[in-house]
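Note that the protein sequences, when read in sequence, are chains C and V.
Mapped onto my numbering, the consecutive letters of the first sequence carry residue numbers 1 to 163.
Mapped onto my numbering, the consecutive letters of the second sequence carry residue numbers 1 to 291.
Treat each hint with caution, since some may be false.
What the hints assert, rightly or not - Partner residues aside, some chain C positions facing chain V, computed with beta carbon under 10 Å:
#1 ASP3
#2 PHE41
#3 LEU81
#4 LEU100
#5 CYS102
#6 GLU115
#7 VAL146
Stated by the list, open to error - Taking lysine-lysine and the DSBU-like style, the derived pairs with C-alpha atoms no more than 30 Å apart in a straight line are:
#8 LYS14(C) with LYS57(V)
#9 LYS280(V) with LYS73(C)
#10 LYS280(V) with LYS14(C)
Treat the hints as calculated values from the structure; they're not laboratory data.
Every residue, glycine too, gets a C-beta built ideally from N, C-alpha and C.
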Amino acid sequence: MSDTRNIAVVVNGKSYERTVDTRRTLGDFLRLDLGLTGTHFGCEHGACGACTVRVDGIAVRSCLMLAVQANEKSVQTVEDLAKGDSLSPLQQSFHDRHALQCGFCTPGILMTMTEFLEENPAPSEAEVRDALSGNICRCTGYQNIVDAVLLAADTMRKTQDAV
Amino acid sequence: MKPAHFTYHDPAAIADVLALLGEHEDSRLLAGGQSLMPMMNFRFVQPAHLIDLNRVKELGFIRADADTLAFGAMTRQRQIQRDASIRQSCPIMIEALSHVGHRQTRARGTIGGSISHFDPSAELCNMAVLHDAQFVLARKGSRRTLGFDQFARGYMSTAIEPDEMLQEIHLHRWAKPQGFAFEEFAMRHGDFAICAVSCLVTLSGSGAIDALAIAISGVAPIPQRLRNFETAARGQMPDHTLYREAALQAAAIEAMSDAYTTADYRRHLARVLTYRAVEKAAARFKSQGMT
């Protein structure tokens, strides 16, 4: 009955070959098959953004993609942002600005805004809010998230200038 | 949550897609998946065969001819939004796309998927009727091209037959300079609009209306043009009397009602947004003329 495929995926720089049900979503594949539970599933129909990961660099909903569609692609999840104990500039800013409370939405927001800041290193507050619009947070009221993203942009530009 | 069982196909060529469509009765085409995947996750839709179009490279393109903008059905919304030539030649498309979902959904979502889904308030369906779109439908061994009125059948319903695929969308190009405006109201940014109104206008040397197009979506089951008004407005000066008349015509559309939004409220939005859209489009044309 079940329809399966063999897939080869690079996740956070590591190669995996797995046999998956073709109906397996990418998010379930990451969480259940690879044990990478940093990616959170909230709504599972594309509305909340908690499951956002990057596929070949592009931030997408992992609940709306099948694992089989990631075959021969490179996926990055929240587990790949920190290098050892060293947080990424965006993660550090979230810590410094208290940009999370329960933390459920945070992985999706970090993946979305990491992509956004690579494209737009000097965003306005309005641009940050627009880019955040696809991620729902029920705790913070967003203000501290916006502050943290702007702080991260600032930090990253200064680091860039120093090089 | 996960979709019900299906047999997965991932052809790489249009010919193979059409062969599969002809072969399997209970099949669905998977484009960007930003509407079909939620429907499958909820099991509203349980196709026996899922035909994934994401490997069909020949379905992703933007081509500008003299009077047509052609899009392959699998062209991503993000790609259109970031296309420098579209920004130049069809700026209203960029404005409309800024209201389509969010950056993560536009990264996957496609123009063909959105138009095949045919949600009455979808911005890309509004763009299709505004630009007198032609739709190229293909089935094994034949192709046909339909205008908007033949393509649109009703609420979320199009002329695409079960063994057919929407292959290309052709939009009629407006000459530059053009005035344009896209106005919509949604409960949250990125949600489907309750009502959206788009307007394209060109003015003659005397400042009178030369050509006008107004499209209203979210009010009726199918996006509407104000064709009679557009014709009658030719040669008239764009002023508050004209904007008000356009708004009254928009408010006269027979409106849908549902559990969240009454028909009266939809007509109210159609009136207000039409006034704003026509006024803004005319003002933009004039300010372009100055520069």
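Structure-based check of each hint:
Taken as an interface hint, ASP3(C) checks out: its beta carbon lies about 5 Å from the nearest beta carbon of chain V, inside 10 Å. For PHE41(C), the interface hint holds, since its Cβ comes within 10 Å of a Cβ in chain V; the closest pair sits about 8 Å apart. At its closest, the beta carbon of LEU81(C) sits 17 Å from a beta carbon of chain V; the interface hint therefore is violated under the 10 Å criterion. With 10 Å as the threshold, the beta carbon of LEU100(C) stays out of range of chain V, its nearest partner Cβ sitting at about 19 Å, so the hint is violated.
At a threshold of 10 Å, the smallest CB-CB gap from CYS102(C) to chain V is about 21 Å, leaving the interface hint violated. Hint on GLU115(C) holds. Least Cβ distance to chain V is approximately 8 Å, under the 10 Å limit. This hint is violated: VAL146(C) has a C-beta 14 Å from the nearest C-beta of chain V, more than the 10 Å allowed. Only pairs whose Cα atoms come within 30 Å are accepted, and LYS14(C) paired with LYS57(V) is accepted, the gap being roughly 27 Å.
The hinted pair formed by LYS280(V) and LYS73(C) fails the criterion: a straight-line CA distance of about 44 Å is larger than 30 Å. With a C-alpha separation of about 52 Å, the suggested pair LYS280(V) and LYS14(C) falls outside the 30 Å cut-off, and the hint is violated.
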